[in-house]
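*Asks:* Below are the chains, spelled out letter by letter.
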Amino acid sequence: ETGVTQSPTHLIKTRGQQVTLRCSSQSGHNTVSWYQQALGQGPQFIFQYYREEENGRGNFPPRFSGLQFPNYSSELNVNALELDDSALYLCASSLGPATNEKLFFGSGTQLSVL
Amino acid sequence: GDSVTQMEGPVTLSEEAFLTINCTYTATGYPSLFWYVQYPGEGLQLLLKATKADDKGSNKGFEATYRKETTSFHLEKGSVQVSDSAVYFCALSCYRGEYAGGTSYGKLTFGQGTILTVHP
Numbered sequence: 008e009t010g011v012t013q014s015p016t017h018l019i020k021t022r023g024q025q026v027t028l029r030c031s032s033q034s035g036h037n038t039v040s041w042y043q044q045a046l047g048q049g050p051q052f053i054f055q056y057y058r059e060e061e062n063g064r065g066n067f068p069p070r071f072s073g074l075q076f077p078n079y080s081s082e083l084n085v086n087a088l089e090l091d092d093s094a095l096y097l098c099a100s101s102l103g104p105a106t107n108e109k110l111f112f113g114s115g116t117q118l119s120v121l
Numbered sequence: 002g003d004s005v006t007q008m009e010g011p012v013t014l015s016e017e018a019f020l021t022i023n024c025t026y027t028a029t030g031y032p033s034l035f036w037y038v039q040y041p042g043e044g045l046q047l048l049l050k051a052t053k054a055d056d057k058g059s060n061k062g063f064e065a066t067y068r069k070e071t072t073s074f075h076l077e078k079g080s081v082q083v084s085d086s087a088v089y090f091c092a093l094s095c096y097r098g099e100y101a102g103g104t105s106y107g108k109l110t111f112g113q114g115t116i117l118t119v120h121p
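Chains A and B, in that order, are what the protein sequence lines are. Going by our numbering, the first sequence wraps up at 121, each residue one higher than the last. Going by our numbering, the second sequence wraps up at 121, each residue one higher than the last.
Note that these hints are calculated values from the structure, not bench results. The beta-carbon is built from N, C-alpha and C at its ideal position, and this holds for glycine as well. You may find that some hints are simply not true.
Derived pair list, reagent style DMTMM-like, types lysine to aspartate or glutamate, alpha-carbon separation capped at 20 Å [unchecked claim]:
no. : chain 1 : residue 1 : chain 2 : residue 2
1   : A       : Lys109    : B       : Asp56
2   : B       : Lys50     : A       : Glu108
3   : B       : Lys61     : B       : Asp85
4   : B       : Lys53     : B       : Glu70
5   : B       : Lys50     : B       : Glu64
6   : A       : Lys109    : B       : Glu64
7   : B       : Lys53     : B       : Glu64
8   : A       : Lys109    : B       : Glu43
9   : B       : Lys50     : B       : Glu77
10  : B       : Lys57     : B       : Glu43
11  : B       : Lys50     : B       : Glu70
12  : B       : Lys57     : A       : Glu59
13  : B       : Lys78     : B       : Glu9
14  : B       : Lys78     : B       : Asp3
15  : B       : Lys53     : A       : Glu108
16  : B       : Lys69     : B       : Asp55
17  : B       : Lys57     : B       : Glu70
18  : B       : Lys53     : B       : Glu77
Which stretches of chain B does chain A cover? Using the computed rule of at least three CB atoms under 8 Å from a CB of chain A, they are [as the list claims (entries may be wrong)]:
no. : region
19  : 16-28
20  : 38-47
Examples of chain A residues lying across from chain B (beta carbon under 8 Å, computed) [what the hints assert, rightly or not]:
no. : residue
21  : Ser40
22  : Gly49
23  : Gly63
24  : Gly65
25  : Phe67
26  : Leu97
27  : Leu102
28  : Ala105
29  : Glu108
30  : Phe112
Based on the sequences and whatever the hints tell you, model everything.
*Replies:* In structure tokens:
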């Protein structure tokens, strides 16, 4: 096990609603990255948080936002949910933000939007 | 932009068979290359990595060599086991320069994944 925990494990929402997903990083890790994995696809980078600030963002609209707390845990918020937001959301923590840092992934939150 | 292409799956093998999963990439700059594995109900785990041309990453009997001339990073294992059944992802990471806070950041670009099933 990696020590990265995500909650909830499963979630069902309806179109237009808002959702918050949570991630506790591995002890000692100050960087959290979020990925979206659609069914049958590889994960896609949403954004990264380092020392409580956004430190990189992929090609996702502003309705995807995040937070990182002083204990380095993190939240992913999605507003105005769309059907295409249905996916597995993965959180990964690392010792730092750089390219070659090893990522430790959680088991993910499966979000279904109806 | 960066991209990773993996061989189409799924791949079904008998125990002790030889495994190859092809991976090619396109990147601006000089990427680090990775193979991740995802077992059912679990998150992704780093299997192996290579950070420069001709490097060979290896772990648990799996190997992959960073081939800059062919932009490839094929995964191989000489004798697969039932416990190797999982989804395998090839990925790359490039330096992205500095973000607003002045710190560098890395992101992984993944291929679409290859489902491997090994039968006894």
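*Asks:* Confirm or reject each hint.
*Replies:* Results of checking the hints against the structure:
Using a Cα cut-off of 20 Å, the hinted pair Lys109 (chain A) and Asp56 (chain B) holds, with the two alpha carbons roughly 17 Å apart. Of the supplied pair hints, the one linking Lys50 (chain B) and Glu108 (chain A) holds, its CA atoms being roughly 11 Å apart against a limit of 20 Å. With a CA separation close to 10 Å, the supplied pair Lys61 (chain B) and Asp85 (chain B) stays within the 20 Å bound. Proposed proximity of Lys53 (chain B) and Glu70 (chain B) is supported: the alpha carbons are some 12 Å apart, at most 20 Å.
For the hint linking Lys50 (chain B) to Glu64 (chain B), the alpha-carbon distance of about 9 Å falls within 20 Å, and the restraint holds. The suggested pairing of Lys109 (chain A) with Glu64 (chain B) holds, with an alpha-carbon distance near 18 Å, which does not exceed 20 Å. At roughly 15 Å between alpha-carbon atoms, Lys53 (chain B) and Glu64 (chain B) fall within 20 Å of each other, so this suggested pair holds. Note on Lys109 (chain A) and Glu43 (chain B): the hinted pairing holds, with a Cα-Cα distance of about 17 Å set against a maximum of 20 Å.
Note on Lys50 (chain B) and Glu77 (chain B): the hinted pairing holds, with a Cα-Cα distance of about 13 Å set against a maximum of 20 Å. Restraint check for Lys57 (chain B) and Glu43 (chain B): not satisfied, since their Cα atoms lie roughly 26 Å apart, outside the 20 Å limit. With a CA separation close to 18 Å, the supplied pair Lys50 (chain B) and Glu70 (chain B) stays within the 20 Å bound. Simply put, Lys57 (chain B) and Glu59 (chain A) have alpha-carbon atoms about 36 Å apart, too far for the 20 Å limit, and the pair is violated.
The hinted pair formed by Lys78 (chain B) and Glu9 (chain B) meets the criterion: a straight-line CA distance of about 18 Å does not exceed 20 Å. With a C-alpha separation of about 27 Å, the suggested pairing of Lys78 (chain B) with Asp3 (chain B) is violated against the 20 Å cut-off. Proximity of Lys53 (chain B) to Glu108 (chain A) is assessed by CA-CA distance (about 15 Å); at most 20 Å being required, the pair is judged to hold. Proximity of Lys69 (chain B) to Asp55 (chain B) is assessed by CA-CA distance (about 8 Å); at most 20 Å being required, the pair is judged to hold.
Using a Cα cut-off of 20 Å, the hinted pair Lys57 (chain B) and Glu70 (chain B) holds, with the two alpha carbons roughly 15 Å apart. This hinted pair checks out: Lys53 (chain B) and Glu77 (chain B) have alpha carbons roughly 18 Å apart, not beyond 20 Å. Coverage of a stretch by a chain is defined here by at least three residues with a beta carbon nearer than 8 Å to that chain's beta carbons; for the region 16-28 of chain B and chain A the count is 0, and the condition is violated. Counting residues of the region 38-47 of chain B whose CB falls under 8 Å from any CB of chain A gives 6; the rule of at least 3 is met.
Hint status for Ser40 (chain A): holds, given a least beta-carbon distance of 7 Å to chain B, under 8 Å. The criterion of a C-beta within 8 Å of any C-beta in chain B is met by Gly49 (chain A), whose closest approach is roughly 3 Å, and the hint holds. Taking 8 Å as the C-beta contact cut-off toward chain B, the hint placing Gly63 (chain A) at the interface holds, the least distance being around 4 Å. Satisfaction of the interface hint for Gly65 (chain A) is found here, the shortest Cβ-Cβ separation to chain B being roughly 7 Å, below the 8 Å cut-off.
Of the supplied interface hints, the one on Phe67 (chain A) is violated, with its beta-carbon coming no nearer than about 12 Å to a beta-carbon of chain B, more than 8 Å. At a threshold of 8 Å, the smallest CB-CB gap from Leu97 (chain A) to chain B is about 6 Å, leaving the interface hint in force. Look at Leu102 (chain A): its Cβ only gets to about 12 Å from chain B, farther than 8 Å, so that hint breaks. Because the smallest distance between the Cβ of Ala105 (chain A) and any Cβ of chain B comes to about 5 Å, under 8 Å, the interface hint for this residue holds.
Taken as an interface hint, Glu108 (chain A) checks out: its beta carbon lies about 7 Å from the nearest beta carbon of chain B, inside 8 Å. The interface hint given for Phe112 (chain A) is met, as the beta carbon of that residue sits about 4 Å from the closest beta carbon of chain B, less than 8 Å.
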